[in-house]
Amino acid sequence: AQSVTQLDSQVPVFEEAPVELRCNYSSSVSVYLFWYVQYPNQGLQLLLKYLSGSTLVKGINGFEAEFNKSQTSFHLRKPSVHISDTAEYFCAVNSGGSNYKLTFGKGTLLTVNP
Amino acid sequence: NAGVTQTPKFRVLKTGQSMTLLCAQDMNHEYMYWYRQDPGMGLRLIHYSVGEGTTAKGEVPDGYNVSRLKKQNFLLGLESAAPSQTSVYFCASSYDPSGEAFFGQGTRLTVV
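Quick note, the sequences are listed as chains A and B, same order.
Using our numbering, you'd call the opening residue of the first sequence number -3 and step up by one each time.
Using our numbering, you'd call the opening residue of the second sequence number 19 and step up by one each time.
Any given hint might turn out to be false.
[Unchecked claim] Chain A side only, calculated, beta carbon under 8 angstroms to chain B, not exhaustive: (1) V25; (2) Y28; (3) Y35; (4) P36; (5) L42; (6) F63; (7) K65; (8) R73; (9) T99; (10) G103.
Since the hints were derived computationally from the structure, they do not count as laboratory data.
Since the model is a prediction, treat every value here as computed from it, not as a measurement.
Where is the CB? At the ideal position from N, CA and C, for every residue including glycine.
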């Protein structure tokens, strides 16, 4: 069975500081990995995804993530955050084979302070 | 394009009442999902569908039923609502497992 663990439920940072949001996954087959963002009272939007190939994936709004197969991790990073990045961030996994469930982690609330 | 549309956006039910949430997508996607979002729990998969006429159970299917009679619509039913089903419900669709999932704006359901 696949699962996703987001290691931090809340991450407070100051504006223009770097940030890393951590995500570990488990799956018995090859996976597709995603990061989504949710702004207050809205649905989720895709930030970036990893399917195959280069382990460093770039997404929207200056975010990037690195896939590490040996550590089963997919951490999200941004070198300099803005107030507008305040939101909840979700890591998600979808496996190939016959199991097509899109499974989410519990989310990390990123709060950017001035 | 409307994308993914959920109906209704808000609803208050009394314990024991039934209701159906409608999800409609206009992107010709094969895969559709229903999630519930509760504070501190993230999004938990209730049921999903990999194509017209198919449905499958997710992590928390008890108390819910679904139907996918038409490719563009995915219905979530509560036969006898309970206070534990108070939540925000999200529908999503994707073309395939590797593709972006598009989400609706959510339905806020309160069961009293």
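| Given A/G103 as an interface hint, is the shortest Cβ-Cβ distance to chain B below 8 angstroms? | Holds, about 5 angstroms.
| Agreement of hint A/Y35 with chain B interface, Cβ distance less than 8 angstroms | Violated. Min distance 11 angstroms.
| said: Holds or violated: the hint that A/K65 contacts chain B, with Cβ atoms closer than 8 angstroms. | reply: Nearest chain B Cβ about 17 angstroms off; hint violated.
| Does A/P36 pass the interface hint, meaning its C-beta sits closer than 8 angstroms to a C-beta of chain B? | violated (11 angstroms)
| Given A/V25 was flagged as interface, is its beta-carbon under 8 angstroms from a beta-carbon of chain B? | violated (11 angstroms)
| request: Answer holds if the nearest beta-carbon of chain B is closer than 8 angstroms to that of A/T99; otherwise answer violated. | output: holds (7 angstroms)
| said: Please check whether A/Y28 passes as an interface residue: C-beta within 8 angstroms of a C-beta belonging to chain B. | reply: holds (5 angstroms)
| message | Checking hints one by one. Is A/L42 an interface residue toward chain B, by the C-beta closer than 8 angstroms rule? | response | holds (5 angstroms)
| query | Taking 8 angstroms as the limit, does the beta-carbon of A/R73 come near enough to a beta-carbon in chain B? | reply | Violated - the Cβ of A/R73 stays beyond 8 angstroms from chain B, reaching only about 20 angstroms at its closest.
| message | So, as I understand it, the hint says A/F63 touches chain B; can you test that by seeing if any CB pair is closer than 8 angstroms? | response | violated (14 angstroms)
Violated hints for the displayed structure, listed by number in ascending order: 1, 3, 4, 6, 7, 8.
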